[in-house]
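Visitor: Just so you know, the sequences run in chain order C and F.
Sequential numbering of the first sequence, starting at 614, is according to this note's numbering.
Sequential numbering of the second sequence, starting at 86, is according to this note's numbering.
Simulated from the structure, these hints should not be mistaken for laboratory data.
There's no promise every hint is true.
Computed list of lysine-lysine pairs in BS3-like fashion (alpha-carbon distance at most 25 Å, straight line) [claimed, not checked]:
1) K202/F x K181/F
2) K684/C x K181/F
3) K861/C x K900/C
4) K680/C x K210/F
5) K616/C x K720/C
6) K143/F x K210/F
7) K687/C x K501/F
8) K720/C x K680/C
9) K687/C x K751/C
These figures come from a predicted structure and were not determined experimentally.
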Amino acid sequence: MIKVNDIAKSYGDVTALGGISFEVREGEIFGFLGPNGAGKTTTVSIISGLLLADSGSVRIADMDIRKDSRKIRKIQGVVPQEIALYEELSGRENLHFWGSLYGLSSKDVRDAAERVLELVGLTERANDPVRTYSGGMKRRINLCVGLIHRPRVLLLDEPTLGIDPQARLNILDIIKQEGSGGTTVIYTTHYLEEAENLCDRIAIIDHGRILADGTLQELTDLVGEDDIVMITGDFTDQQVRPLLNDVKVEHLEDASLRVLVSDSSAIGQLLGRFFSAGIHVGDVSIKEPSLESVFIKLTGRELRD
Amino acid sequence: MRQVILIVMKDLRRRLRSPVAVVSMMFIPIVITLVIGLVFGRSGQVELPRIRVLLVDKDNGVFSHFIRQGMQQERLSEMIDLVEVEEDEGRSMMEKGEASALIEIPESFTADLLDEKPVQLSLTKNPSETFLPIIVEEVVETAALMLDSGVRIFADPIGRVQSMFEGESWPSGNDVTGLLDNSRDRFVLVGGYLTDSLVVLKTEDATAQIEEEGSTQSFDIFAFVLPGSLLIGLLFISQIALRDIVREREYGTLPRLLTAPLEVGHVIAGKTLSAFVITAVSCILLVIIARFGFGITLGNPLALVVHLVATIFMCTGVLTLLYGFIRSDRAADAALPVVILTMCLLGGSMVPYEQMGAALQEAGKFSPVFWAVDGLKRIFIEGAGLRDISLHLGILYGLAVLTVVPGTLLLRRRVKRGG
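So that you can see chain C by itself, here it is in the shape it has in the complex (with noise of 0.2 Å):
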């Protein structure tokens, strides 16, 4: 349904993709997981025919975003990190001028409202004006927009940022009732869960670059069976490097070391050697195989990093 080629984005003298390809097939839900500033909006924006890449090629639905666009942005559906909103207007306004411009007809744009808010449980304060509802009531509606139109392509761009759990569950069931019914989504977010629980695919993206991509399986098989050991403390690589003979060595820099063990029992000797040699370590952590340990070994840190 969608094939992005090699797509390269500059501004000025920062690289913010360079050069990025995926697929995403009818009805999947796919996700982008990535940092701030990985470049994961430049992408949904290029898709949605905001922005236009500096190279490369985005084709949806057999159409080009270049030479098809106004087509493209018909069946896509698109849901921005920010509240889109205008604030005077009502939820049910706000939804039928953005049904209207997608070529609703008004009672279809009624119906479609209802059945939107319907849908996200906001059709007792629909006639309120947007600034008079809470972050998470504007999130539901900000996604409404994204559906009235029943777009074959839904972007979402972080669309659960700065919620609470309960609007954050609410919005992602939505989402996976909407890749169920046969949407294609394309759903960007920096909460390894999200991703972990909602994405049929998943595509880790860091510097503008995708670093590796798959189903949640194909990607935990990247690190193994092998449990990923943080330790920092005060030491430096040169003191820390004899000690490391026999175990899988993924970072060493001085202060912060990354291994990768078997089982529990190589993590106590490898600490009791740091005590021997009068090392003084300050934390250790251990992650088991996930998408959040595929992160780390990918990127060597952290995604809150």
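With chain C fixed as given, assemble chain F onto it according to the hints.
Guide: What follows is chain F alone, placed relative to chain C:
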């Protein structure tokens, strides 16, 4: 076109829900016109109260009469209400604040002056008043100066007359002839200053003349002030309406609009059209207030409508062009009021164009505001028709086209580039 109308309707609905900014701008012309009208009166003339002046005349001589007569001459008597009182009564009235000033002329004032001795006039001012006592002080100072000059010039002949009458016999013919010759020489010397000028400046009250001629038309300060203040209001209202382009960009609704199936041109056209409609509706309301609130005679209806449409079109065009260069809400805050107020200042919105210097008047013609204000004044005050303001209309419509087209293109380019 459907998309453009949808955007216009949406913006008008939003403005109706949140009208404070536009309504507060509508108060600009109302307040300015009202305040100036209240200060200067409907006819535009300042009505000063008569100044009550108390006079204690202990001399009762020729020169004290000169002062009294001077203050009761025709023009000054219109301004000054001179009341002659005894010293105690005068002081008591001043303490009660019943007059603006008290003038005391001392005993033997005339005699001492004739002897060329220093004399002193006393003036007591009412401290609770600021402006009126100063007028009295100026009048008394002028009278003192005239007396001083007169006595110095004519002291010799006056002294000789005095000595003639102090003797026991009548003066001889030679003495009288000598005195007359002396006096004539002095009159010739100062005559040009003391007697009436040959060239007389005649000033007339235009309002009075028109009224005398039985005409019903009179100068209306509201009709004179409102066009200028209306333009300030309309430019600021256009500015608020078009600011939505910058604000929607910052709120994220503009990028979202651009992901919908419509063209950038639809968005810009919708925004410009809604600014035009919002300015037009505000203008209609202000004209209704002008007619029924201020009682302004609106003049030729066709000329008024065509001129107002041109004015609103010009306001929208100029602001569209300015917003083509504005990147953010903060930049709009910083730059646009300065540009608008400068245009208004040059165009005669703040200071009447007629009161500006020649150079400023020439510069003012480069401000679109001048053509809008001047045209409206002609319609309101002179009852001008379409033909009378054809130059104004041509310039206003021309400016509107010349600004709205490049403004729209600039905005289009900016929006297309993602803001």
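Visitor: Now, for every hint given, state plainly whether the structure supports it.
Guide: Outcome of the hint check:
With a C-alpha separation of about 35 Å, the suggested pair K202/F and K181/F falls outside the 25 Å cut-off, and the hint is violated. For the hint linking K684/C to K181/F, the alpha-carbon distance of about 88 Å lies beyond 25 Å, and the restraint is violated. Between K861/C and K900/C the CA atoms are separated by roughly 15 Å; this keeps the pair inside 25 Å, and the hint holds. For the hint linking K680/C to K210/F, the alpha-carbon distance of about 87 Å lies beyond 25 Å, and the restraint is violated.
Restraint check for K616/C and K720/C: not satisfied, since their Cα atoms lie roughly 35 Å apart, outside the 25 Å limit. Of the supplied pair hints, the one linking K143/F and K210/F holds, its CA atoms being roughly 19 Å apart against a limit of 25 Å. Only pairs whose Cα atoms come within 25 Å are accepted, and K687/C paired with K501/F is accepted, the gap being roughly 18 Å. Among the hinted pairs, K720/C with K680/C is inconsistent with the structure: their alpha-carbon atoms are about 31 Å apart, more than 25 Å.
For the suggested pair K687/C and K751/C, the alpha carbons sit about 23 Å apart, so the restraint of at most 25 Å is met.
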